[in-house]
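K.L.:
In order, the protein sequences belong to chains A and B. 280 is the number that the working numbering gives to position 280 of the first sequence; each next residue is one higher, with no gaps. Quick note, the working numbering runs 1000 ahead of the 1-based positions in the second sequence.
Hints are computed from structural coordinates only; laboratory data are not their basis. Some hints could be false.
[Unchecked claim] Pairs of lysine to aspartate or glutamate, DMTMM-like flavour, derived with a Cα cap of 25 Å:
1) K209/A <-> E1200/B
2) K1185/B <-> D1153/B
3) K262/A <-> D1257/B
4) K192/A <-> E270/A
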Amino acid sequence: MVVIETKDVTYTYPGATKPSIENVSITINKGDFVILTGPSGCGKTTLCRCFNGLVPHFYNGKLEGTITVADLNVADHKIYQLARHVGLVFQNPENQLFALSVEKDVAFGLENFAMPRDEMRKRVDWALQIAGISELSERPPHELSGGQQQRVAIASVLAMQPDIMILDEPTSFLDPVGAEKIFEVLSELNKKLGITIILVEHRLDLAAKYANHVIVMNEGKVALTGTPREIFTSEKARLIGIGIPKATKLYQHLKQNGVELKAVPVTPEEAANLLREVLNRA
Amino acid sequence: MLEVKDLYFSYPTGLEALKGINLTVDDGEFLAVMGQNGAGKTTLVKHFNGLLKPTKGEVLVDGVSTQDVSVAKLARNVGFVFQNPDHQLFSETVEDEIAFALKNFGFEASVIEKQIDWALNLLDITQYRKTSPFMLSGGERKRVALASILAWDPKVIILDEPTIGQDHQQKEKLQQFIMQLNAQKKTVVVVTHDVEFVAECNPRVILMTQGKILVDGKAEKILTNPKVLAQASIVPPQITKIFLELADLGLPTDVIDVHEATKILLNRLRNRS
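Whenever a hint applies, use it, and build me the whole structure from the sequences.
P.N.:
Shown next as structure tokens:
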């Protein structure tokens, strides 16, 4: 089932001389775990803003083509209507957090939905726990570290249990173990609750194994779409310069030297297993 | 160049962020500060340009205690690029942003012009010269912040999470660029979680946890020690993970680089067959 569809979407910010995204036509299915990647300034963030209506409703500018999200035409629906379906975690958590305590920030969206207090309490506690910040609930968000703020931003979107979660580099401030935990959480939400995940990410080393669909953008256009394995071994992806996981790179280096593993590894575990086979055979 | 003696630091809230740090960074050294969120990494490096002053102990920059000098004065020697570029940028155009510190340091107009050109070019942001920094993407803003520091050519450059928001190509450029600064005998201190980035640069690494230094050594030693890494919430680089998994086959486990990995595997395969 298609949950997001864009048809020939071209968008220009007010005052800009050229469009930030151009003729973007993509389809995302319900339950997909999508990685959206590409050089900085390629239009990833702008595309994400199309999914929750910030483009065109908040930023104005000129939108052509149609964006359909959860069967709603984005141009005809208000941001708050779309917010019931789409949660966006910003690249910079400071742009998202504003309340005087973490739990108030996490509860804010739910309050706007007029959720009963008991249920709200449960949801907030659940989201804090999943994000691993239960102990921070009384703290003012602006006093927290970048990584902690990032978790608060994730919790505040999680609490809404949207059908679609868009995360713009949600783990950039987190240490690797913290980042892995967040990816695990997203993967679980994706598998258990069927939430569609759209992850904007440059660090593909950690994220690749969770995704079933990769979209590569370049200069405002969609350059490539496919499975992680297809994308990471594509010559075009290499030329655009996306961060191919080292496990896949090792596969490529070996291949160039006449050693071809049976499959394309995306994770170190996969690479180790494939290498073990070759090494044992030799 | 940097000398930290038994440094303790507590925030006004009472949080003790640093608990007895001892560290010496030589002139021209390249140091990566790694560790879990909240370990005190940023708190530590903020002592290097006097943004924070020790609660106890002492920090010397080029032989001078930071207690005795203003941040403005220290800044001439120590450039600090913040984790979040929005904490740093405020001017209306990228060009003004870079000019700001140069003007404050009293450089001549012609020098300022030259330095702006140089820094814009270096960080590949010449096309944004007249643009507002706030119109740029996160990665681009980060480069503006970096350009504005490098323009005045400090001896020590501190970069707090420089790779955040940078795409792959920019990251590779940044890496070359940091190596280049280091080759020019600049002292470079990088706070980062990016193990793959550190694996490629192979600098000296200190691993921090809970306000203390856990271990200090070359990246290839530290990043290949999963036990210490786990204590600091860091995972080994992918290449190291592969070799750790294959340890029972008698392969080395201290590999961090993909080229070296390829060489080892090819040798092994050729010798066997």
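K.L.:
Could you run down the list of hints and mark each one as holding or not?
P.N.:
Evaluated hints:
1. K209/A <-> E1200/B: Since the Cα atoms of K209/A and E1200/B sit roughly 22 Å apart, the hinted pair holds (cutoff 25 Å).
2. K1185/B <-> D1153/B: Since the Cα atoms of K1185/B and D1153/B sit roughly 12 Å apart, the hinted pair holds (cutoff 25 Å).
3. K262/A <-> D1257/B: 22 Å, holds
4. K192/A <-> E270/A: 24 Å, holds
Comparing the model with each earlier hint shows no violations; every hint is respected.
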